[in-house]
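Using the sequences and the accompanying hints, generate a full structural model.
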Amino acid sequence: MPTNHTYASLLRANAWARKSSDAFYWQCTTRTVQESKLFPVNPYIALSYLNAWYRWPGLIRKIEAARPAEELGDRARCDGSYANTVTLGLIPQFYLGGRQILLDMGLLQPTDAVDDVLCVLDFAERCSLAYHRAHAHGLPSDAGHRAQILPERWAQVFEADALGVIPGDRLHTALTRFLATASAYGFLSHCECRLSFNNHGPYRTAGGGEMLVRDLIDLAECDYPWMDDVAAAIEVNNLTIPVIMKDTHFHIVDDWGSFEASPSYDSANIVGIGLYTSDFLADGFEPVHMNSASELAEYLDHLRETMMAATTDMWTMMAGWSREQMIDAGLLVYYAVIKDLAHYAGVYEQEDWFTVDERVQRFKPLFNDEYGNSVIAETVGLVSMRSQTWSEYHMAKFSDARGELWTPVPYSVLADDEWTATVGPMQPGSSSLPAKTERYTTTRGKLTQAECNRLAREFRPAAWELRWYDDDTWIKNHADDPRAHELYRAAQAKSHTLNGRGAGVQQGDLGELREGATR
Amino acid sequence: MSGTPTSEDSRAPHGDKWPRTSATPIVEQYHRAIRRLMADRLASSGRKWEEVVHDPDFLSRPDFERIEADLLATGYRFEMSAVVSLKESPEKYKPVAEREVAESSQTDELGRAVVGSGANVFRADHDVTGTARFVSSVEKVMELLSEGVPEDTIAVIDDSGGTLTAPILGEFAGVICLGGTVRSHLGILTREHGVPCLMAATLDGLRDGDEVEVEYSRPAADAYATAEDGAEHRARIIKLS
Chain A
1 MPTNHTYASL LRANAWARKS SDAFYWQCTT RTVQESKLFP VNPYIALSYL
51 NAWYRWPGLI RKIEAARPAE ELGDRARCDG SYANTVTLGL IPQFYLGGRQ
101 ILLDMGLLQP TDAVDDVLCV LDFAERCSLA YHRAHAHGLP SDAGHRAQIL
151 PERWAQVFEA DALGVIPGDR LHTALTRFLA TASAYGFLSH CECRLSFNNH
201 GPYRTAGGGE MLVRDLIDLA ECDYPWMDDV AAAIEVNNLT IPVIMKDTHF
251 HIVDDWGSFE ASPSYDSANI VGIGLYTSDF LADGFEPVHM NSASELAEYL
301 DHLRETMMAA TTDMWTMMAG WSREQMIDAG LLVYYAVIKD LAHYAGVYEQ
351 EDWFTVDERV QRFKPLFNDE YGNSVIAETV GLVSMRSQTW SEYHMAKFSD
401 ARGELWTPVP YSVLADDEWT ATVGPMQPGS SSLPAKTERY TTTRGKLTQA
451 ECNRLAREFR PAAWELRWYD DDTWIKNHAD DPRAHELYRA AQAKSHTLNG
501 RGAGVQQGDL GELREGATR
Chain B
1 MSGTPTSEDS RAPHGDKWPR TSATPIVEQY HRAIRRLMAD RLASSGRKWE
51 EVVHDPDFLS RPDFERIEAD LLATGYRFEM SAVVSLKESP EKYKPVAERE
101 VAESSQTDEL GRAVVGSGAN VFRADHDVTG TARFVSSVEK VMELLSEGVP
151 EDTIAVIDDS GGTLTAPILG EFAGVICLGG TVRSHLGILT REHGVPCLMA
201 ATLDGLRDGD EVEVEYSRPA ADAYATAEDG AEHRARIIKL S
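As they're listed, the protein sequences go chains A and B. According to the numbering used here, the first sequence is numbered sequentially starting from 1. According to the numbering used here, the second sequence is numbered sequentially starting from 1.
A few of these clues could be false.
[To be verified] So, partial list: chain A residues that the calculated Cβ filter (under 10 Å) puts toward chain B:
| hint | residue |
| --- | --- |
| 1 | 42 |
| 2 | 188 |
| 3 | 194 |
| 4 | 314 |
| 5 | 316 |
| 6 | 374 |
| 7 | 379 |
| 8 | 387 |
| 9 | 390 |
| 10 | 391 |
| 11 | 392 |
| 12 | 395 |
| 13 | 398 |
| 14 | 415 |
| 15 | 417 |
In short, the hints are calculated from the structure, not lab data. Here the structure is a predicted model, which is why all the values come from computation and not from measurement. Each residue gets a CB set at the ideal place from its N, CA and C atoms; glycine is no exception.
Next comes the structure, spelled out in structure tokens:
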């Protein structure tokens, strides 16, 4: 008996997989190569793919039973959380990466786990499309490497409330020092990967400047068990920093949230900044110590010093880890890239996201450094595994090679019974790391897992019922509509400059409004 | 016929019209061994593919341990990338080769020895003079963390990642990284810290403790440059004493 999937759904799934394959190839071969003498990076990356293969279908079904993918994308669009450009775009990559390695080992056929594959790809596509709704793309690479996530109402608040800086002043100095410390801290807390950072934009600002919105994620005691205690003194878990630049054009803001500018990014060109926090329990972006430039500078200095101490403590702890602990930590950082979707849905459970499935544990004897490096290089860069090789006529996008990263699902599953549906339900897992014991840092304080889930299920943002009107296309013709004013006032509720102004403000009004605002 | 699976290849659970050998020996060895094992076990089990494909006990941990052991039994030893791997299982990894230091073969305009070069991450205001200190182990970082980083240290790091030196990176006067590219994590971090840095550096006679001057004021390397163009614009490391 064939599958009950439609031809259309299979066509769409294979197209999304191919788009993902092409985008990932470009990213992997042009943007960076990860390596570390501290962490066995590639072994943990490959194992994370396998954990995603076995566990994500069940977890995604669990998430979507509580909240649809489109709602999750809509919520995440107006927050700076771990549900973002990078992580949503990685859903097909990590999941299909696991599938591809198993295909190459001969442990799967392309016709296996068809229901799972279509479920994951369909979820990823709908969630990404909703998240990227404001610019009507699915990935930044679709937009020529640009990620304009925010509608005007939020971009306008960021620009209006930005505190002016000039090189050498206290706030400018505090910001540049803070970003350096936070970058090192983020690489370390995320076991050498860059998932602690996301950037989106650019957004054009008054006078021809450009604004890049920089997210720093999971900074405090959060889902990662190893941040218990060492990150206890950090009060905020996520930070969003809108940075307004002069004389700088961001020509690449890519699928991994990294950027390139021309001329090169130079902090001397920063003219305005803000600082916000948000998460799955926040009603959009909440200003952090933005009452004055001196208050913000003082807070950034305080946070930098706290992070420097946390970096030393965390490094000392990690340097004493066994290889297995390093593997598990990195594996779980990668595998858990979509954990915040479970937070938004109110179904987050620590053991779902921070244990290694027993079906994956069995492969660990294979994953020495050389095999990890080689299998990742072949899978995502060289595209040289047997299972990735196609006919002599085939020419891949970008490389013209006769291979593709990810193998599609054959259409034969619509016609015969040679297929399987699923890898099965979630299986038990384990971890060599100490279990999480501390509470989760949120915008509503430090909460237990049960409190996080209950509040997430109860929470609806203020303008949630108006989400069908929350785009610039409708606003263009309805700026006087009460619904438009309500949407804008929700974003402006904590704005020094725009509080209560509504939908009629133009970019050209901001200078005058800023002068009139007391701060 | 070219491309037809050999009899050895055909010991896989399924046919493949377009087989190839993997680009790296270890992926080829491991995956071929797993395909053979799966094919043999499937044939001997009398069960259908659909019945075993999602059964984690059909191939279990001892099977994968045996595959690793079989490879090691041939005398094969793995390349190490993380120091912890070699430290915990020295019997499985190739030992780290001692760094060979030859005398420098080049001099600059003033007749001083040019002991290396690299891709400049960003253009600093001025060149930097300092003491080259090799930082390539957890123990060395721990020592610098507890005793403090000596002033004017130009760290020579053979790791383009951002974690090994995370707690002390901002204290270096300069960095010379023996791998990676200007886009690597270490490149990103040194730029954020404002610590001058050369990536993808090659050395020609540099020794631990040498006093050096590094041309960090040269233009930043073009990430898109060809290898030839990039080589022409590399910043030099000049030995002073």
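Hint check:
Hint status for residue 42 of chain A: holds, given a least beta-carbon distance of 7 Å to chain B, under 10 Å. The restraint placing residue 188 of chain A at the interface with chain B holds, with a minimum CB-CB distance near 5 Å, inside the 10 Å limit. A hinted interface residue such as residue 194 of chain A counts as satisfied when its beta carbon comes closer than 10 Å to some beta carbon of chain B; here the least separation is about 7 Å, so the hint holds. A distance limit of 10 Å between C-beta atoms decides the matter here; for residue 314 of chain A the minimum to chain B is near 8 Å, and the interface restraint holds.
Interface hint at residue 316 of chain A: satisfied, since its Cβ lies 8 Å from the closest Cβ of chain B, which is below the 10 Å cut-off. With 10 Å as the threshold, the beta carbon of residue 374 of chain A comes within range of chain B, its nearest partner Cβ sitting at about 4 Å, so the hint holds. The closest approach between the C-beta of residue 379 of chain A and any C-beta of chain B is roughly 9 Å, which is under the 10 Å cut-off, so the hint is satisfied. The interface hint given for residue 387 of chain A is met, as the beta carbon of that residue sits about 8 Å from the closest beta carbon of chain B, less than 10 Å.
With 10 Å as the threshold, the beta carbon of residue 390 of chain A comes within range of chain B, its nearest partner Cβ sitting at about 6 Å, so the hint holds. Hint on residue 391 of chain A holds. Least Cβ distance to chain B is approximately 6 Å, under the 10 Å limit. Satisfaction of the interface hint for residue 392 of chain A is found here, the shortest Cβ-Cβ separation to chain B being roughly 8 Å, below the 10 Å cut-off. Violation of the interface hint for residue 395 of chain A is found here, the shortest Cβ-Cβ separation to chain B being roughly 14 Å, above the 10 Å cut-off.
Look at residue 398 of chain A: its Cβ only gets to about 15 Å from chain B, farther than 10 Å, so that hint breaks. Contact between residue 415 of chain A and chain B, as hinted, is not supported at the beta carbon level, the nearest pair being about 16 Å apart and thus beyond 10 Å. Here the hint on residue 417 of chain A is kept, as its CB sits about 9 Å from the closest CB of chain B, short of 10 Å.
Violated hints, listed in ascending order, are 12, 13 and 14; each of the other numbered hints is respected by the structure.
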